[in-house]
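K.L.:
Each chain is listed here by its residues.
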Amino acid sequence: MSKEPVAVVGVGQTVHTAARRDVSIAGLVREAALNALADAELTWADIDAVVIGKAPDFFEGVMMPELYLADALGAVGKPLMRVHTAGSVGGSTALVAAQLVAARVHPTVLTLAFEKQSESNAMWGLSLPVPFQQPLLAGAGGFFAPHVRAYIRRSGAPDTTGTLVAHKDRCNALKNPYAHLHEHGLTLEKVRSSPMLWDPIRYSETCPSSDGACAMVLTGRAGAARAPRPPAWLHGGAMRSEPTLFAGKDFVSPRAGRDCAADVYRQAGITDPRREIDTAELYVPFSWYEPMWLENLGFAAEGEGWKLTESGATGLDGDLPVNPSGGVLSTNPIGASGMIRFAEAAQQVRGAAGEHQIDGARRALGHAYGGGSQFFAMWVVGAEPPAG
Amino acid sequence: MTPPAGTVPVAVVAFAQTVHRRRTDELSEAEMLMPVLHEVLAATGLRTGDIGFTCSGSSDYLAGRAFSFTLALDGVGAWPPISESHVETDGAWAFYEAWVKLLTGETDTALVYAYGTSSAGELRDVLSRQLDPYYTAPLWPDSVALAALQARALIDAGHTTGPALAAIAARSRADAAANPYAQLRGAVAHGDPVVHPLHTGDCPPVGDGAAALILAAGDRARELCARPAWITGADHRTEAHALGVRDLTDSPSTRLAAERAGVFERPLDLAELHAPFTSQEVVLRRALDLDTRVRVNPSGGALAANPVMAAGLVRIGEAAAAIHRGEAGRALAHATSGPCLQQNLVTVLEGET
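Protein chains in written order, with full-length UniProt numbering: chain A, 1 to 388; chain B, 1 to 353.
The hints are simulated quantities; they were obtained by calculation from the structure and are not laboratory data. Each hint should be verified, as a subset may be incorrect.
To be verified - Straight-line Cα separation of at most 16 Å, EDC-like style, residue types lysine to aspartate or glutamate; simulated pairs:
no., chain 1, residue 1, chain 2, residue 2
1, A, Lys249, A, Asp259
2, A, Lys175, A, Asp359
3, A, Lys3, B, Glu122
4, A, Lys3, B, Asp108
5, A, Lys307, A, Asp319
6, A, Lys175, A, Glu355
So here's chain B without its partners, still in its complex pose (with noise of 0.2 Å):
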């Protein structure tokens, strides 16, 4: 939604993200954590005990154990006590928690984090976990096999081909290389097929990660910040669960998001889509409307980096990065959770004119 009249307009004021990598063995998630922490709020001059709220997304099944971000926790140094939450499961979810606490008034800033350590598991299999614990999981569809339904239901109803999608994965791929964060970078081939019709080309890679960002309200963003990324908008929705009562190839989940935070109010500059597959950057496109004026993932995108429950809080961050750095006025930045983009959260993030 846009924000109630009368509410005070909140900002993200700093964002941090850690160079994705295929492995971080030597890393626990708390050393992983720690750097872009300190980085975020190295960048406003804020301390552990300055922040109003924290909350963060991550996920006990990748990293394999119960409770895991508990430890985590010990990186963000929270002594004195902190008021502070968590949601299982991309940190962009984390986001919107905490846009909602500044929202109420009843603090002025607030600390986003998320991590996500693939490497720990098989991904593929892990994903599958999250599917119908009676009647799917116990089959184990993999996520790739899942996206592969998906690009095959896309290609079927002619809203793209083959070659369309490579030429998603070489863009992405080509952006990326001047992306120092991301996991794969530069031109890489379009690959073998890994699950029909997908290459590896089309998928994401797999590997770890962690990005924090900082939100402010009113003035005490413009202090922290020379040009705030103010949120104008944002939303989630999300659609059933089995992938056989929804139309694979339409997102109405992400348009009905989009509608709800004023996506659609004014044009956009740039587009950060979290899209792991080429396949699902198609239906995004179609279900945000998106010409060929709007720049869509000059990061790279999750085809170049995909730290999982992590991702989408990085398209967030890119996004106000560019409005930061005086690279775009408008941008949205989306996220999902779930199999074939079950759920989608939609932002819209402006600089001052």
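With the rest of the complex left out, here is chain A (with noise of 0.2 Å):
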């Protein structure tokens, strides 16, 4: 029997800011959760399933979470799941989410993550000693900055790349109403005179804090049938995990990402992505990423990823705009942030982007990442139902 074809029907996101004081855990989810729930024209009545996905609980100190928000979720009565993998998590929540529906298990599913970073301190989450293993010591950026120099020396990058990508994004993010970051009056300049933080990372170069909640309403055939505005459907999604520490992982380009990638893009029908798909939103916490990620999912061979991002290719105006929202480096909700990027994949093939919609975007990529480079989820979506 043929799975059922999934459809992203509704979406909706907080207003994402350093610190939500004006709303609870509970509050802040549910402001997502409603706003999807309007924008598929639906009542909490037509869900049959809630999926919900956060990073770490260690983040807001509270444990399983989806016990005490089951009731701003309107989920009483009904089946509650609580994905977590870590930095991946809201695009593998919203993959489980889609799953209950291409099985026939539920027709209509709500699916949410969230982070309200504001209530605790994620550095200090991430920074718990562990007997003999490596800590990751001051948060994510002294973990991942040795694996950007190795990006460097293994492509020959000039160092301004980094700089590049993050003045791109954050003009990006002035177009997107629900950023964190609305830095205006931003030049390149600034970005490269920002104070050095985990070298060659610089202030302007990384993801900020923010309070917020993602949602997506996904359903199957007959569901996107009624649905009031034009679905995204599902071409494809996978998720790869690999160890976290052994002596052949390659930190670059893991080969977690490269698979996953290629089992998306075989669903999807895909062999060139490049050409093929029309607008990408990547995980970039750290602006080098951005060049890495283009490398390690296809869109440019080994070593050259950052001419891409050097030529322009990826900004909004490029043929392949990487981060029209302006993505993490803007707002940085972290269990929210991995089902942002798949949002807004969404959002650009519904053509419901905004000011930030990329013109004739027909097929999307939405990519996370977790954990030490070792978790990855993607999906490619699409403005057309898939093809069988």
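Join the two chains into one complex using the hints; note that each chain is given alone, in its own frame.
P.N.:
Laid out in structure tokens, this is it:
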């Protein structure tokens, strides 16, 4: 029996900011969920199951928060699942929800991811000492900076590529009303002169700490036919994981990322992603990850990702716009960041991305990664239903 | 739900668990997991690279650090990279995620595992962090006190008595004598009061442990297991979080999940209930309408071994193993999550007649 086609018929985000002191965690998730329901013109009664994701419970200090959030998410009497796959969780959560529809277990599913970083300290949550294991030290930046240096050495990239990405993404965010950072008057020179945090990563090349949530309503063919606005159709979705630390691990271009992309492209019938994908929302928490992921995902040959970035191809007016929303560099509610990538990809092919809409976007990639560059989740969505 | 028409049937084909112990200070989580992973793989002849999908359940709060599951993944040997996911919940929900994955037909085998190291902290305090973070958690109500509230409500409603609860404890622990993996085995005194009306015998032991099982679809299941435990239904439901808005003497989420999983369509031989407290068995028996012909928790249940985050998956594994051995034809397995049975998962497993 073939799978049920999966459609995104509602997308909702909160306004993201450093501290949403106006809402509790429950209020935050409800804001995103209600926005997604409104977009789909559905009510809580139309939802058959809820799949929720977020990054470590230590970030807010609530153990298994889905229990406390059951009421706020209208889940009482319904199945409620909690997914946690580190930074890739927002993507994985959407994929678990999509499986429920694809398997015809539930007709319509609400999926949501959140982080309220202001209620805790992610740097602390990531730096707990573990006996006999390498600590992350100063949060994520201290872990990823050596891998960026390795990329620069391996590819021969000039030291300016990272600042180009940061400037581009922050300028894109000015067109996105939900984005956390709106840096009016930002210049390339300001990015280049920002303080060095973890060499070679400068302050303006790092993601902010955000409060925020993102939600989507997923449904099958019948639900899509009733949807008031154009749906985004799932053409391929996959997750891949590899161990944290081992001798053969390539932190610059992890094999799990390459394998995951290959699986998604196979499902979507894509043989040349550079030509066949119109726009991509990539998980770029530090600016140098744009050229790194361009190579890992097959948009550029090994060592050539920085050339694609420098050519302007990944700009809003380039032929492969990357992170038109402003990306993780402009908005980072950690657990939600992956789902925002998936949701922004869906908005692009629905023609619903507002001021940062890419004209004629018919097929888009949403990408998330987590842990020590070891967990990957991706989906390709299209404006047309999948073939078959 | 019961599987949609036309889907290939899915079965549990292998199950393994650790000996559950009060402390495992000398083991990392990966070291605790590896023997059970090797055992289920050996039972089927599969290798890690043969498995189509892997899903695990655990909780960072038990380990006392963020991303604890990332290092446990090393025990799986996830190289070349694997298709993998994780629920921050009891492994029973990882089982459910894997079952759904197999129903899509994308793959025909799945590995599910779960583990918990309750000994790393004070479990009663740790579980209080599950509660509403603004209004309830700051008061630190512990898990035994909350279960005692539920037991008190049951006694007041006339659904049970102190001696009846003591009899549940005695039966469970006597049955555990035949379970080599149980933490508490053989007759155990009902003990002293802990939080009125619960005595030590009404409460689960605190311990560490892990479990794993393998799912397979259709003919693949028949190749891998002489008598597969077919999943004829699985469903889970949640209730409100605040205890004040729930009837603690009832479990409507269990009843609804059971209805959706097809529990009431035919008689059961056996039920493995995830009831860490004696009083919760009373609630679940009523919700599931279990009569005296159904054997409940022959493993000893969570009263004999309660590795938090694995205990629900162990129930599914124990029910499946009873079918593998030919000791049951149709079995129910139940798992719970949250305070006072807030979330409940029910699955039905059947052997071929």
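K.L.:
None of the hints should be skipped; say for each whether it holds.
P.N.:
Hint by hint, here is what the structure shows:
1. Lys249/A - Asp259/A: 14 Å, holds
2. Lys175/A - Asp359/A: 15 Å, holds
3. Lys3/A - Glu122/B: It is violated: about 45 Å lies between the C-alpha atoms, which goes past 16 Å.
4. Lys3/A - Asp108/B: 14 Å, holds
5. Lys307/A - Asp319/A: 14 Å, holds
6. Lys175/A - Glu355/A: Measuring from Cα to Cα gives roughly 5 Å; hence the hint holds.
In the structure shown, a violation is registered for the earlier hint numbered 3 alone.
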